[in-house]
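Line order of the protein sequences matches chains A and B. For the first sequence, UniProt numbering begins at 1 and goes up steadily by one. For the second sequence, UniProt numbering begins at 1 and goes up steadily by one.
One or more hints might be untrue.
Sample of chain A residues facing chain B (criterion: CB under 7 angstroms; computed from the structure) [stated by the list, open to error]:
(1) Pro171
(2) Pro205
(3) Val209
(4) Gly227
(5) Thr274
(6) Asn281
(7) Phe351
(8) Ala359
(9) Ala365
Calculated directly from the structure, the hints in this document are not laboratory data. Where a beta carbon is used, it is the ideal one built from N, C-alpha and C, also for glycine.
Next come the chains, spelled out residue by residue.
Number of protein chains: 2
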Amino acid sequence: MLRIITQQADVKAELQRICGRTQDEQVLHKEATVREVLQAVKRQGDKAVLHYTSEFDHQTLKPEEIRVTGSELDAAYQQVSKDLLQAIRLACRQIEAFHRQRVPKSWVHFGDDEIVLGKRYTPVDRAGLYVPGGRASYPSTVLMNAIPAKVAGVPRVAMVTPPGAGKNVNPAVLVAAQEAGIDEIYRVGGAQAIAALAYGTETIPKVDVITGPGNIYVTLAKKLVYGTVGIDSLAGPSEVLIIADATANPVHVATDLLAQAEHDPMAAAILLTTDAALAKNVKVAVERQLVDHPRRIDTEKAIAHYGLIVVVESLEAAAELSNEFAPEHLELEVQDPWALINHIRHAGAIFLGSSTPEAVGDYLAGPNHTLPTSGAARYASALGVETFMKHSSIIQYSHTALEKVGSAIDILATTEGLPSHADSVRRRVQKEE
Amino acid sequence: MLRIITQQADVKAELQRICGRTQDEQVLHKEATVREVLQAVKRQGDKAVLHYTSEFDHQTLKPEEIRVTGSELDAAYQQVSKDLLQAIRLACRQIEAFHRQRVPKSWVHFGDDEIVLGKRYTPVDRAGLYVPGGRASYPSTVLMNAIPAKVAGVPRVAMVTPPGAGKNVNPAVLVAAQEAGIDEIYRVGGAQAIAALAYGTETIPKVDVITGPGNIYVTLAKKLVYGTVGIDSLAGPSEVLIIADATANPVHVATDLLAQAEHDPMAAAILLTTDAALAKNVKVAVERQLVDHPRRIDTEKAIAHYGLIVVVESLEAAAELSNEFAPEHLELEVQDPWALINHIRHAGAIFLGSSTPEAVGDYLAGPNHTLPTSGAARYASALGVETFMKHSSIIQYSHTALEKVGSAIDILATTEGLPSHADSVRRRVQKEE
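Chain A on its own, in the form it takes in the complex (with noise of 0.2 angstroms):
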């Protein structure tokens, strides 16, 4: 049922049509219902969040019950375990001692000739955090997202999320939230959130970047309004690729393949070995733990269409393919990790040696877990404290500096067919008027 393919003909066809998974033709459709969504929030704010969210999440609110209240966020403590609190804890903690090395800073340089140049970096004024509801509604989503927007300065950081039976948020969710420093909380779900935090309502105001993962409507929703304010990015299924050689222990191999296919059915598995008899004993490791996995029909369906053994003839060329596919994790299962990191120039995220499951970075190593996927790790990077700042460019010339600099403006101004540019450096090096 995991296919392994030895064939090299076959393994780039394979990689392309599993790398783009995510085609889906039915999208154009479902736009036209985010567009109707959107508008709507747009123009009837609360009114319309709360009628999406009666006729999608079927749960009829109040105006007054879309943001949760304080005791709520009291008594999710209640209902979370002291050894989750702790691992919580510890996770915010080294996530967030990650995400402030090397926060960008501002600077001048003071050059020859009066001439100051820079960069000065500000954070945005607030931010909107997206968590799904549902068997996806993960704490670990909540601090990977919260904590890089606290880390760059964000005054202010919502959260939205869908309410689920009872109109209730998941409890270990809204403890995340308040470990995270998250400012206020909103039930509220689908398009009709993304629409709520990028236009505001009376109730949820308005961000200026959103982040966070989300179903296929909330992934349309994001890139519709991506020009009224900044998301993140667009995040598809989740996907492993690992590179293993004869070292590696084929049943951690195995299980790794299968943490990544438990999320989804659309998730994707590989494995590129140079070991044909490791790629056949993670092939029976597999199967032998799907047989009473608790996840075991969505996790076969991944493993069955986005699962994939390929037997390659050295880890150069397991590299190569690596690097076509752009993993959102990979995995260098071999003797010497170090060594074949140089050859890997797009993954969202690199997980070294024998000792590091993905699922260290998924939860509390520190590096964030929202990774570009589907091969945008060609031209992305993991969400960050970037993400949620921004840097003006800062020019001062001095009227010397100016004068020396005039008669090259001057023409290139006129070349482009732009007399005012050139003026208002000739009037001001003239010192006429």
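Given chain A's structure and the hints, the job is docking chain B onto it.
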């Protein structure tokens, strides 16, 4: 014709109207055309590119004419003056020097407990630059897009630009492209050029990131292909906001407003001043300079629709209005610009003092002139070296390090209902099998 507002009640609404000036009711209709072009190029490659070039740009090309030849590139040097070449080279040097500052560098941190964490920065494999044709065909656009890509270390940088009359490309643009180190140039424009860069054709290579300004069709195409490739931003018409006190020279301020307005009938030019006399004098100077302005009609349109002078109570009040507008360009024509800058939170680029007209930054100060417009400076920054780079997170745990976090990961994964995540750590720590 250039309005002066002193009633504070009207100011916010007027600024909002100007900031939102790009909202176009016809976008949906144009989007349908763009989708068709994208699909056709994706399916038919060069054939569709040539078809739309004939339809939209009225130039009939053969496939072998798509790429600009070496002899055309050589000939371009004969068509530009020595002075222009020198000005282009000065701009190149200064833009490169600025962009070489604070280029992101890879790092690893060797932490306690045998944990290695870091970020590895790499350039994209291929970048594609869009350069508009016709009157907006600017050599400065070429430099501002190409130089950051080259500084980032992008191995292959392609440029596309629509063919003008006689299939020609502006020689100043061709010279700038060569000075900036662009590797290949294709005479294709519009949505078909964006499609070619996003999907690849027989002649034009698929790239990873597309940058550069364009008309509404180009911008819509960039928005639609975002996710297949990375893009820089969705640029709208240009804008300047000037904060001036009684020390400012009204003729200089007027020229700077016109230097913005002359770009485009949709450009915005706003002055906020504490000095009512300056307001009046700037208005007079603008109208005087417009009389024989070579681009009078378009410039007058911009000034009439999106020009505005506001008399404010204080410089702090001006800064707060400016923050709400989040201008692309902000000039601080005041006695102490370094005091005022502390009140500025959102602006693409800030020009300080009386000898720093925006034109200095447009051409050669060094910082990028591709800046967020229409309020996007609330969350976005100038194009830069980072636009063409991305990073991979790096994580390595030792067996001992993994043991220490085993139970925390176990409870988090179990809470999230992801058993193989928990297993992937448990099996390694227990050394079973």
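Notebook entry, point to check: Looking back at the hints listed earlier, which ones does the structure fail to meet?
Noted result: Structure breaks hints 1, 2, 5, 6.
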